[in-house]
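Novice: Next come the chains, spelled out residue by residue.
2 protein chains.
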Amino acid sequence: MMKAEIISTGTEILLGNIVDTNTAFIAEQLAMLGIDLYFASTVGDNFDRLLGALKTARERSDLVLMTGGLGPTQGDITREVVACLLEEEMVVDESLKVTLEKFFAGRSIAMSANNLKQAMLIPSAQAIPNNRGTAPGWWAEKEGKIIIAMPGPPAEMQAMWQKFIAPALQNRAGGVILSRTLKTFGMPEGSVDEELSPLLKSTNPTLAIYAKPDGIHLRITAKADSEEAARQLIAEHERAVREIVDKYLWGVDDDDLAAMVAKLLIDKGLTLAVVETFTSGALIQILAHAPESDRFFKGGFYAASDEMKTSLGLVWGSGDMTKTTSAIASLVRDKVHASIGIDIEGYMEKSDDVPMAKVIIAIAGLKSGISLARNFPGRLTNMENRIAYQVLFELKKYLSES
Amino acid sequence: MMKAEIISTGTEILLGNIVDTNTAFIAEQLAMLGIDLYFASTVGDNFDRLLGALKTARERSDLVLMTGGLGPTQGDITREVVACLLEEEMVVDESLKVTLEKFFAGRSIAMSANNLKQAMLIPSAQAIPNNRGTAPGWWAEKEGKIIIAMPGPPAEMQAMWQKFIAPALQNRAGGVILSRTLKTFGMPEGSVDEELSPLLKSTNPTLAIYAKPDGIHLRITAKADSEEAARQLIAEHERAVREIVDKYLWGVDDDDLAAMVAKLLIDKGLTLAVVETFTSGALIQILAHAPESDRFFKGGFYAASDEMKTSLGLVWGSGDMTKTTSAIASLVRDKVHASIGIDIEGYMEKSDDVPMAKVIIAIAGLKSGISLARNFPGRLTNMENRIAYQVLFELKKYLSES
Chain P
1 MMKAEIISTG TEILLGNIVD TNTAFIAEQL AMLGIDLYFA STVGDNFDRL LGALKTARER
61 SDLVLMTGGL GPTQGDITRE VVACLLEEEM VVDESLKVTL EKFFAGRSIA MSANNLKQAM
121 LIPSAQAIPN NRGTAPGWWA EKEGKIIIAM PGPPAEMQAM WQKFIAPALQ NRAGGVILSR
181 TLKTFGMPEG SVDEELSPLL KSTNPTLAIY AKPDGIHLRI TAKADSEEAA RQLIAEHERA
241 VREIVDKYLW GVDDDDLAAM VAKLLIDKGL TLAVVETFTS GALIQILAHA PESDRFFKGG
301 FYAASDEMKT SLGLVWGSGD MTKTTSAIAS LVRDKVHASI GIDIEGYMEK SDDVPMAKVI
361 IAIAGLKSGI SLARNFPGRL TNMENRIAYQ VLFELKKYLS ES
Chain Z
1 MMKAEIISTG TEILLGNIVD TNTAFIAEQL AMLGIDLYFA STVGDNFDRL LGALKTARER
61 SDLVLMTGGL GPTQGDITRE VVACLLEEEM VVDESLKVTL EKFFAGRSIA MSANNLKQAM
121 LIPSAQAIPN NRGTAPGWWA EKEGKIIIAM PGPPAEMQAM WQKFIAPALQ NRAGGVILSR
181 TLKTFGMPEG SVDEELSPLL KSTNPTLAIY AKPDGIHLRI TAKADSEEAA RQLIAEHERA
241 VREIVDKYLW GVDDDDLAAM VAKLLIDKGL TLAVVETFTS GALIQILAHA PESDRFFKGG
301 FYAASDEMKT SLGLVWGSGD MTKTTSAIAS LVRDKVHASI GIDIEGYMEK SDDVPMAKVI
361 IAIAGLKSGI SLARNFPGRL TNMENRIAYQ VLFELKKYLS ES
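Protein sequence lines correspond, in order, to chains P and Z.
63 is the number that this note's numbering gives to position 63 of the first sequence; each next residue is one higher, with no gaps.
34 is the number that this note's numbering gives to position 34 of the second sequence; each next residue is one higher, with no gaps.
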């Protein structure tokens with residue numbers, strides 16, 4: 001089993017100016033590749049400290065993943081430190097130089113002498129292409145240990161990772177590693193954990209649980225000699241997991257709840273209008289950001305005041321809250337000439353000192369509608385997105401069934 | 001000068017399940033205290049690896065700040081590792097035990113035997129109170145080196161830091177360190193950088209620049225023997241900075257743009273209604289989350305479709321876009337019986353392959369109004385909050401002047 005370690009470089013991280021998100025990305029990717037990550041460190045742009053950290057890392061790990069410090073300035077020292085540790089000399093690589101010159105010529109920018117650093121290699125290192133910037137990465141392999149140096153900007157690093165580094169590491173790890181993610185919503189945590197616990201103990205395939213805003217994700221990862229065999233392992237585990245979580249499941253892998261709802265609406269030729277009085281426009285934002293939003297989303301109202309409700313003609317009695325919520329959903333549907341209207345109402349309560357959001361959701365279609373009440377424990381600001389995803393989950397069920 | 005180092009513990013960070021935000025918080029705090037941070041590491045919940053990392057850290061740094069691993073489970077090993085490194089034995093502290101028992105009794109929860117771990121100390125360690133949870137921190141001091149162990153949940157850690165750790169470290173650092181932050185919006189980056197550059201070179205006070213969603217923050221930090229002298233140093237530097245950035249300045253220190261606008265509106269007895277057709281409800285969300293939002297914010301419309309605009313009676317000609325935007329702002333003001341109406345309209349354009357959001361903002365009060373056009377280069381999803389803050393910045397100016 002390969003042991004990996006991450007070193008992020010950058011004084012701006014140690015000053016708290018930026019949050020290092022690269023480490024979490026790489027960590028999750030390594031877990032999928034079945035590579036163990038034991039340490040992650042951040043070091044400033046200081047030659048001796050970075051050299052010391054890299055030396056320690058290379059002694060205790062097989063694979064050291066570095067981010068940052070590949071820019072053209074004097075403060076960018078990653079290449080120099082790697083060269084020093086491996087006791088090799090940096091020389092300009094002619095083909096990298098040509099690529100770099102083309103990059104600058106294409107943008108009509110003068111290439112400075114400093115940039116030439118980004119065309120340098122050492123004998124043990126191969127360049128890793130950077131499709132998003134000027135700094136190629138380094139794959140330096142010597143004495144059975146690998147050092148991979150990647151650019152710091154997350155978009156450049158992630159593109160390089162997906163296209164070049166992950167396939168090479170997967171190749172190296174031998175065999176085939178495949179993953180499949182089951183996405184659920186509304187699963188009651190305690191009891192399901194217990195039911196899943198025998199499956200969580202399996203070492204191949206493994207099962208990992210991730211809490212995300214759109215619900216609990218369950219990721220199955222299998223390693224085998226062939227793709228066929230890995231798929232087989234996953235399929236068996238997936239069957240067992242599905243038996244437990246089936247009624248909470250809404251998607252797999254790259255499925256996105258808002259995108260799925262958007263597709264269902266567009267395919268059926270339906271449109272949507274929304275009223276929120278409690279959730280600060282969280283559902284409006286998610287729907288506005290969904291793919292092809294303008295094809296189905298007619299708009300939304302954040303009705304914070306009674307005048308606003310009245311001015312919209314959203315007038316109703318002060319009776320039963322569930323009935324009222326359904327009435328508003330129908331009213332907004334008709335008002336905006338949409339096929340489906342949605343209303344989210346709610347209020348905060350405290351029980352045993354724990355704040356609790358009591359929420360009523362209504363979906364009003366042209367022929368049928370649903371309404372339901374749910375409680376969300378916690379502070380409202382943390383709950384708004386969860387409530388919005390609850391609505392999307394119910395809407396998906398409603399659209400699939402009707 | 002004290003040298004510090006951070007160790008975050010937690011296998012869930014190394015699996016990529018959570019992003020470690022504690023490091024950035026502590027890093028920024030240390031910078032304000034004038035304490036140098038040279039290394040930050042993350043280690044999993046493994047005794048030997050954490051012991052090794054802590055030993056290395058304590059050898060090369062004066063102050064080691066640990067987060068996580070103070071919970072009641074067997075996987076929480078921070079106390080045990082510190083005790084092992086300092087070769088001391090953990091014993092139950094009676095007063096901590098009483099506090100813990102009270103905490104559980106107050107919530108009518110049974111205290112498990114595992115929780116007793118959280119009442120333990122070693123002779124070199126003092127407990128640091130935790131006002132937000134069950135795990136007290138440790139301040140362990142021996143042979144001139146300090147190890148501070150804090151809980152992992154950011155709310156608990158930050159409260160403990162602000163109330164107990166920061167004052168104690170400031171005391172220790174000797175002298176007085178004070179900071180002041182000037183908050184600006186809309187400053188053109190390149191030219192101001194240049195004008196500020198002589199001030200950026202100063203070592204006491206220092207000037208640091210932070211890019212945030214609500215604009216560019218400039219933080220001045222001074223160190224002196226007395227509070228009076230530190231204030232004096234800051235005041236001189238602030239005067240020089242203000243000369244350069246004055247017209248972009250909107251607040252200082254803890255000032256929050258949405259809260260300032262909220263206060264201005266409430267003090268003047270004014271109310272607000274908003275239409276967004278371009279920014280996905282970003283302004284609605286910020287206003288809904290402002291303090292005492294229900295006292296001034298009547299609501300907002302995300303009008304994605306013409307039917308929605310029509311249904312609101314927001315009808316207008318297809319003429320000049322600036323006039324149209326002002327007309328909608330007035331219409332929504334009247335429609336909802338608010339004192340001020342706002343409309344944000346916009347469209348995307350590409351110039352030289354760079355996407356550009358062309359935005360028109362109109363603010364319509366009862367007596368006067370303003371409208372303005374601004375361009376925001378970049379992808380729209382990254383720009384929505386910036387556009388919303390631009391509106392708040394203009395609204396604050398409008399309210400202060402009228």
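Hints in this document: simulated from the structure, not taken from any laboratory.
Keep in mind it's a predicted model, so treat the numbers as computed, not measured.
You may find that some hints are simply not true.
Copies of the same chain are indistinguishable here, so a pair counts whether it falls within one copy or spans any two.
No more than 20 Å apart at the CA atoms, straight line, and that leaves these computed lysine to aspartate or glutamate pairs for EDC-like [said to hold, decoys possible]:
no.	residue 1	residue 2
1	Lys142	Glu307
2	Lys55	Asp246
3	Lys350	Glu194
4	Lys268	Glu349
5	Lys145	Glu87
6	Lys102	Asp36
7	Lys3	Asp45
8	Lys145	Glu195
9	Lys201	Glu12
10	Lys117	Glu292
11	Lys350	Asp193
Novice: Each hint needs a verdict: does it hold in this structure or not?
Specialist: Okay, the hints, checked on the actual structure:
Taking the closest pair of Cα atoms, lysine 142 and glutamate 307 never come within 20 Å of each other, the shortest separation being 72 Å inside a single copy and 65 Å across copies. Proximity of lysine 55 and aspartate 246 under a CA criterion of 20 Å is satisfied in neither setting, with 49 Å inside one chain copy and 48 Å between copies. For a Cα distance limit of 20 Å, the shortest separation of lysine 350 from glutamate 194 qualifies neither inside one copy, at 29 Å, nor across copies, at 53 Å. Taking the shortest alpha-carbon separations for lysine 268 and glutamate 349, neither the intra-copy value of 39 Å nor the inter-copy value of 31 Å comes in at or below 20 Å.
Taking the shortest alpha-carbon separations for lysine 145 and glutamate 87, only the intra-copy value of 14 Å comes in at or below 20 Å, while the best inter-copy value is 35 Å. For a Cα distance limit of 20 Å, the shortest separation of lysine 102 from aspartate 36 qualifies neither inside one copy, at 39 Å, nor across copies, at 41 Å. In this homomeric assembly, lysine 3 and aspartate 45 come within 20 Å of each other (Cα to Cα) only across copies, at 16 Å, whereas the closest approach inside a single copy is 25 Å. For the identical chains of this complex, lysine 145 and glutamate 195 are neighbours neither inside a copy (41 Å) nor across copies (47 Å), given an alpha-carbon limit of 20 Å.
Only between protomers do lysine 201 and glutamate 12 lie at most 20 Å apart by alpha-carbon distance; the minimum there is 16 Å, versus 40 Å within a single protomer. In the homo-oligomer, the alpha carbons of lysine 117 and glutamate 292 never lie at most 20 Å apart, since the shortest distance is 42 Å inside one protomer and 54 Å across protomers. Within a single copy, lysine 350 and aspartate 193 get their C-alpha atoms no closer than 27 Å, and across copies no closer than 50 Å, so neither meets the 20 Å cut-off.
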